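S.K.: Sequence:
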Amino acid sequence: MNVKTALVLLVLALATIFALVCVLLTRGRAPSTCQHQPPEQEGTDDAQSLVFADLTPEEMVQVVRYLQGNLGVQLVDARRAKPSDNCIASVDVQVPAKAEVLQFLDGGGARPRREALAVLYFGDQPEPNVTEYVVGPLPAPGYHRDVTVQKYGGKVPYHRRPVTGKEYVDINALIQRELGKAPHFLAACCESDGTDLAALTTAPRGFKSGDRMTWFVLFHDVAGTGYYLSPVGLEVLVEHRDLRVSRWRLRQVFYNGRYYPSMADLEDAFLANFMEVVRIEKPQAGTVLGSMRPRRPPGSPGPLQYEPQGPRYSIRNNRVTFQGWSIAFGMNPNSGPRLFDIRYRGERIVYELSLQEALALYGSNCPGGMSTRYLDGSFGIGRFAYELVRGLDCPYTATYVDRHYLAESETPKTNQNSLCIFEHDAALPLRRHFSDLQSLYYGGLRKTALVIRAISTLINYDYVWDFMFHSSGAVEVRVHATGYISSSFLHGRGTDYGNRVGPHTLGTMHLHHIHYKVDLDVGGQLNSLDTQDMGYEVVKDPWSAQNTIERPYLRRERLAREEEAAFPLNAPMPRYVSFASPEPNKWGHPRSYRIQIASSAGEHLPVSSAMERAISWGRYQLAVTRRKEEEPTSTSIYNQNDPWTPTVTFADFIDNETITNQDLVAWISVGFLHVPHAEDIPNTVTVGNGVGFFLRPYNYFDEDPSVESPDSVYFSPEQDAGACGANPLACLPSVAACAPHLPPFRYGGFLNLSLAPLPGGL
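Heads up, the sequence shown is in our numbering, so the first residue is 40 and it goes up one at a time.
For the record, the hints were derived by calculation from the structure and aren't laboratory data. None of these values were measured; they are calculated from a predicted model. Misleading hints may appear alongside valid ones.
As the list claims (entries may be wrong) - Pair ranges (Cβ atoms, derived): (1) Arg614 <-> Pro342: 21 to 27 Å; (2) Ala775 <-> Thr697: 20 to 26 Å; (3) Thr697 <-> Pro342: 50 to 56 Å; (4) Asn356 <-> Gln323: 47 to 53 Å; (5) Ala775 <-> Pro621: 16 to 22 Å; (6) Arg614 <-> Glu315: 25 to 31 Å; (7) Glu596 <-> Asn791: 49 to 55 Å; (8) Gly627 <-> Tyr592: 17 to 23 Å; (9) Leu712 <-> Arg595: 29 to 35 Å.
By construction, the Cβ of each residue, glycine as well, lies at the ideal position given by its N, Cα and C atoms.
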């Protein structure tokens with residue numbers, strides 16, 4: 040071996056030793072962690088937002104104790120209360136009057152008294168009724184006042200109360216007894232003795248005010264999957280109005296297109312061979328229609344969204360701040376998410392932005408399907424907003440917030456991690472330009488937004504509620520529908536009402552209509568409603584008199600009265616509708632916010648319908664009215680069970696008052712028609728099933744406010760685009776070269792649930 044070869048081998052050996060030493064030194068060392076930067080603090084007093092805060096569990100307990108000791112009647116826990124008992128139905132915060140709140144927030148006035156709103160069912164009275172009390176002051180109540188007549192113009196009749204879980208339990212017991220009267224039929228049609236069938240409630244409950252009769256649709260119930268796709272063709276009508284449960288009766292039975300007086304009559308018809316029986320095998324867990332169990336083993340994880348230097352938003356109490364935005368958030372147990380005092384750069388834009396109602400209206404040739412008009416607020420949109428799954432329902436690193444409620448119990452319940460807040464990268468430029476003429480440069484801004492999200496499971500459907508806040512000063516509100524479709528048993532001309540999606544399953548057509556309240560305060564409380572749209576005018580060419588040109592022009596109008604500002608659903612409306620301030624921007628135009636609706640709503644229930652007034656908000660895609668304390672919501676939880684004499688009728692809000700320079704509210708309806716199809720199995724995807732609206736600045740600023748964003752990017756040929764100092768995107772590799780700190784995955788969403796029937800079934 041010559042000297043040259045020996046030197047080469049020696050160098051290789053030293054290199055190998057050096058590499059091994061590096062490996063040994065780094066083995067087992069944890070990756071570097073990201074250096075979190077605290078978000079910039081906003082100037083608003085954090086404690087002010089507490090004027091809108093939901094009740095704490097401790098406050099709920101104090102209200103219950105006060106009611107138990109100061110009403111002079113015996114109260115039974117609603118979990119075991121009979122219709123003939125008195126019980127507490129719910130307790131929620133009573134938001135103070137707007138004038139009081141603004142005097143406190145803006146005028147240096149005293150903090151309004153903190154109060155609760157308690158709803159009680161009085162079944163043990165000569166005239167059973169529903170009564171609402173305001174209880175205060177919190178945290179140590181000392182008074183209560185009956186506000187029922189003040190709110191509704193009279194007492195609320197007892198039959199309008201929502202159905203409680205205990206009532207469903209008693210109905211289920213009745214149905215099970217009745218099913219036992221047709222053992223041979225059930226064995227033949229469904230391979231069942233009745234105990235393994237699930238019953239799905241429908242609503243409303245009858246045909247006239249005072250009725251309390253409900254069709255229940257029966258399905259095969261298979262553990263671990265939704266039963267909504269396995270109807271057996273059997274439906275039963277239960278009358279449950281009487282205050283004595285022993286007097287409840289099964290009034291009618293439907294099977295495969297025919298009606299029978301009772302289960303005993305159905306059994307007799309079967310034994311006499313007077314009916315056609317469709318024999319359905321009991322589905323197995325592994326093959327049942329609609330199973331969401333994975334069919335393939337897990338693959339590699341998908342993209343992960345995380346903040347290299349921690350969240351850029353800040354949450355204190357019930358208030359979140361983010362890059363100029365400030366929002367107070369909460370959750371109404373009945374109507375769901377609600378936001379207050381939405382400010383951008385210190386200026387209030389929206390006083391209240393709240394979900395009001397979610398309607399699902401079905402069609403079918405079976406009685407349960409054809410009569411169903413669910414008003415989900417009466418079931419509890421906020422109450423059934425359960426724990427969110429980290430990394431699927433929201434980004435893994437989102438901030439998760441608990442929500443508390445008291446409903447049908449004397450003990451508060453907690454839906455832990457049921458609201459999430461995160462910054463979302465839309466993977467789309469908010470704005471950008473590549474200049475290839477004259478001077479050369481690139482400028483742009485990433486589109487990120489703060490998102491506040493909750494998801495409600497309302498019987499079969501899951502609704503994803505999103506409120507998004509953009510750096511352009513725009514607010515985006517949207518809802519996506521997922522979960523299971525509801526179905527009917529396929530018989531006769533069933534496909535006139537949907538598509539066949541299983542051996543005996545009809546995916547029934549239905550519409551989703553969602554209603555929102557938007558109390559805009561644009562540049563102050565006094566606003567007007569401006570519209571703009573385009574037209575064409577034919578003019579002679581100024582430079583060529585023998586020719587003409589169709590010139591677009593702008594039609595501007597200021598609407599004077601509420602009737603003019605009520606735009607029918609699905610009818611053409613001005614493309615630009617704006618809440619305008621009396622004060623102009625730098626260029627002389629009224630500072631305004633535009634309402635831009637993105638919806639494909641189905642047809643509203645005909646006005647001639649006996650129950651239409653209960654959902655008369657659905658007549659309009661947009662209605663603008665003067666704000667009134669006595670018109671706080673567009674609907675009521677009592678409308679579901681008595682839509683024929685609605686407790687709140689939104690159409691009455693529109694009484695042609697002037698809307699020029701007034702405190703105005705926009706009421707917005709969005710929705711879509713859903714004709715279920717094969718791809719809705721196992722259940723509905725969110726793709727294409729999202730609707731909503733935008734609140735966009737329109738001459739509110741003098742330029743796009745996002746120019747102040749620290750995320751802006753600009754570079755030219757004279758700059759090194761890869762230099763971190765010139766381009767923040769070039770900093771990402773080094774900033775994000777650390778492992779994100781991911782909290783361990785935990786889920787406790789089943790801990791607070793019982794197997795007792797909820798509104799979805801029995």
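S.K.: Decide, hint by hint, whether the structure agrees.
M.R.: Quick rundown of the hints versus the structure:
no. : hint                          : result
1   : Arg614 <-> Pro342: 21 to 27 Å : violated (36 Å)
2   : Ala775 <-> Thr697: 20 to 26 Å : violated (56 Å)
3   : Thr697 <-> Pro342: 50 to 56 Å : holds (53 Å)
4   : Asn356 <-> Gln323: 47 to 53 Å : holds (50 Å)
5   : Ala775 <-> Pro621: 16 to 22 Å : violated (47 Å)
6   : Arg614 <-> Glu315: 25 to 31 Å : violated (55 Å)
7   : Glu596 <-> Asn791: 49 to 55 Å : holds (53 Å)
8   : Gly627 <-> Tyr592: 17 to 23 Å : holds (19 Å)
9   : Leu712 <-> Arg595: 29 to 35 Å : holds (34 Å)
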